[in-house]
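There are 2 protein chains.
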Amino acid sequence: MTTTQAKSGERVTAAVLIIGDEILSGRTQDVNLNAIAKYLATYGVDLCEARVVPDVEQEIVDAVNALRTKYDYVVTTGGIGPTHDDITADSVAKAFGVTAPEHPEIMAMLRERWGEPNAARRRMAHVPEGGTLVKNPVQGPPGFQIGNVFVLAGVPAIMRGMLDDVGPRLRTGAVVISRTVRVTGTGEGTIAAPLEAVAKAHPDLSIGSYPFFAPPDVYGASLVIRGRDPAEVDVAVEELVAALESVGVKGIERVAGAA
Amino acid sequence: MTTTQAKSGERVTAAVLIIGDEILSGRTQDVNLNAIAKYLATYGVDLCEARVVPDVEQEIVDAVNALRTKYDYVVTTGGIGPTHDDITADSVAKAFGVTAPEHPEIMAMLRERWGEPNAARRRMAHVPEGGTLVKNPVQGPPGFQIGNVFVLAGVPAIMRGMLDDVGPRLRTGAVVISRTVRVTGTGEGTIAAPLEAVAKAHPDLSIGSYPFFAPPDVYGASLVIRGRDPAEVDVAVEELVAALESVGVKGIERVAGAA
Numbered sequence: 001m002t003t004t005q006a007k008s009g010e011r012v013t014a015a016v017l018i019i020g021d022e023i024l025s026g027r028t029q030d031v032n033l034n035a036i037a038k039y040l041a042t043y044g045v046d047l048c049e050a051r052v053v054p055d056v057e058q059e060i061v062d063a064v065n066a067l068r069t070k071y072d073y074v075v076t077t078g079g080i081g082p083t084h085d086d087i088t089a090d091s092v093a094k095a096f097g098v099t100a101p102e103h104p105e106i107m108a109m110l111r112e113r114w115g116e117p118n119a120a121r122r123r124m125a126h127v128p129e130g131g132t133l134v135k136n137p138v139q140g141p142p143g144f145q146i147g148n149v150f151v152l153a154g155v156p157a158i159m160r161g162m163l164d165d166v167g168p169r170l171r172t173g174a175v176v177i178s179r180t181v182r183v184t185g186t187g188e189g190t191i192a193a194p195l196e197a198v199a200k201a202h203p204d205l206s207i208g209s210y211p212f213f214a215p216p217d218v219y220g221a222s223l224v225i226r227g228r229d230p231a232e233v234d235v236a237v238e239e240l241v242a243a244l245e246s247v248g249v250k251g252i253e254r255v256a257g258a259a
Numbered sequence: 001m002t003t004t005q006a007k008s009g010e011r012v013t014a015a016v017l018i019i020g021d022e023i024l025s026g027r028t029q030d031v032n033l034n035a036i037a038k039y040l041a042t043y044g045v046d047l048c049e050a051r052v053v054p055d056v057e058q059e060i061v062d063a064v065n066a067l068r069t070k071y072d073y074v075v076t077t078g079g080i081g082p083t084h085d086d087i088t089a090d091s092v093a094k095a096f097g098v099t100a101p102e103h104p105e106i107m108a109m110l111r112e113r114w115g116e117p118n119a120a121r122r123r124m125a126h127v128p129e130g131g132t133l134v135k136n137p138v139q140g141p142p143g144f145q146i147g148n149v150f151v152l153a154g155v156p157a158i159m160r161g162m163l164d165d166v167g168p169r170l171r172t173g174a175v176v177i178s179r180t181v182r183v184t185g186t187g188e189g190t191i192a193a194p195l196e197a198v199a200k201a202h203p204d205l206s207i208g209s210y211p212f213f214a215p216p217d218v219y220g221a222s223l224v225i226r227g228r229d230p231a232e233v234d235v236a237v238e239e240l241v242a243a244l245e246s247v248g249v250k251g252i253e254r255v256a257g258a259a
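Chain order of the listed sequences is B and F.
Per this note's numbering, the very first residue in the first sequence carries number 1; after that it's consecutive.
Per this note's numbering, the very first residue in the second sequence carries number 1; after that it's consecutive.
Hints were generated in silico from the structure; no laboratory data involved.
Wrong hints could be hidden among the right ones.
A pair holds if it fits inside one copy or across any two, identical chains being indistinguishable in the list.
Capping the alpha-carbon separation at 27 Å, the derived lysine-lysine pairs in DSSO-like fashion look like this [unchecked claim]:
1) K250 <-> K200
2) K70 <-> K94
3) K94 <-> K200
4) K135 <-> K250
5) K94 <-> K250
6) K70 <-> K38
With the hints as extra help, turn the sequences into a complete structure.
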C-alpha cells in the first residue's frame, strides 16, 4: 500500500464511475469527476474515461468489469449509504464474484455511534471480501478498495476527504505539465494550421484548442499544451507562439497551467 | 422528423457521450450532461447512461457503437471545430461505416462567412453520409444527426442552442414528475426503513435518497419520488410522510420537483 513510481514513460491510467440516478435525471450537477481528475493528475495518473450509470445492479456490475480490466485504477462515487438505492458495495462485490459481508471495523464504528445499528445502517458495513477500508475523515462510514477499484461516497465533501486515502495507494506516473497559449480576437479556423504543425512535431504532447466567446465581440481560443517533459512543453509553447505570429495572429498571451 | 409519442408505458431511452480531453484532464468542469438531462426530461426521454471519452478516434467509435445499439438516442458533445483535435464527425462516420464528405450547405455557409474556406475550416463541413444538419442558432457551423445519434458542439451556450433542434425530432415518452420529501435533523439510517417500504409498494416509481449536511449541525436527506403517473407520485408522497411520522421523524417538508 505504499506509493510506487511507474517505470519511466509508462502510463498509469484510471477511469471514474459515477453511480446515481440523480446525475442522469438532471437533479444533481456532478462535481466529483472534475475533483477526481485534478486529484489524479497530481499523482501523474491519466484519467482516460468516465461513465455515469443509474442505481441498477447489472449496469454497475457491467461498468465496473469493463473499466477495471481496461485501466489501472477505477474510482467510483455514490451509492454507499444506508437506503435501498445504495447498492454499490453489493454490486461491486458481484462484479468481483465475491460476497459483501459486514466488515467488523465498520460494525464497531456503527455500534460506537448508534448502539446496535438497525438493518439499514448495517448495509453501510458491507464490504466485498478481500476489500480494505478507505478512511472517511468527514462524516459517516468509510469507503473501500477492492483490487484496483476504489469505492467512495457521492457527497462531494465526503468524496474529497476520502481521496486523501487513495493517492498514497497509487502507483504514480510522471506528472503532466500544462501551459496555455491564449489567443484573443482570432478564430480557431486561422489558428488551426499552425497549431496542427506544432502538434505533429511533438507527438508525445497532447495539444488541445478550446474556443471561448463572449458575445458580441470577445472570442478566441485557449491552446493547451500538456506533456510529461517540462522542457519539451516550453519548447512547444515558443514554437506555437512563433508559428502563430508568422501567420499574423495578434493578441497572444502565455499563461501558466491549463488556463 | 416530427415528434411522435411512444406507446403508453413504453420507455424512450438516451445516452450522452461527452468527447474531450479537457473534461478528463480536469481543465474543464462539464455542464453539458446536466443541461441535456434536464432537456431530455421535458420530452419524457430517460437519460440512462453517460460516458466521457478523450479525443481518440477508436475510443469515440467504440463508445458511439456501444451506446447507439443499446439506447434509442445518443447525444454527443464536443470535437466539431476546425482544429486537429476535432475528430468527432470523422469518428462518428467511422462508427457508422460511412465516409464524412463536405456537406454542401455547410460549405455554402463557410463561403458566405469566409470566402473560400481554408483546409481547417473545411473540416467543419464534414458530415457523415446520410446525416442531416442540426441548426446552430448561436455561432459557427451546425451539428448533425445520423441515425439515432445527434452530434452537438462542446461550448455550452452553443450546445444548448443546438438542443432546440433536437427535441422536435425525438419520439417522446410520458414526462416524469418529481416530488421531494425533505427531512431535516434525521439521518438516512432512520429514514431508510419507511422509505424502502414505500419504494417496495410502488415498483413503478423511482425513489432516491440524497443526504445533505452543512457542518456542524444541519443534516438530513431529500427523498425524491419520480414517476410518470402524477396521481401515484402524490399518493406515494403522502404514504412516505405518514410512514416517516409513524417512526417519530420530525422536520418533514413536501417540496415540488426534485429539490
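Under a CA distance limit of 27 Å, which applies to K94 and K250: within one copy, between copies, both, or neither? neither (58 Å within a copy, 37 Å between copies)
Treating 27 Å as the Cα threshold, decide for K70 and K94: within, between, both or neither. both (18 Å within a copy, 22 Å between copies)
Which holds for K70 with K38 at a C-alpha limit of 27 Å: within a copy, between copies, both or neither? For K70 and K38, the Cα distance is within 27 Å only inside one copy (21 Å; across copies 31 Å).
If the cutoff is 27 Å on CA atoms, where do K94 and K200 land: within, between, both or neither? Let me know, please. So K94 and K200 pass the 27 Å test across copies only (22 Å; inside, 45 Å).
Check K135 against K250 for me: Cα-Cα at most 27 Å, and say if that holds within a copy, between copies, both or neither. neither (51 Å within a copy, 31 Å between copies)
Can you tell me if K250 and K200 fall within 27 Å by alpha carbon in one copy, between copies, both or neither? within (23 Å within a copy, 64 Å between copies)
In this structure, the hints that do not hold are numbers 4 and 5, in rising order.
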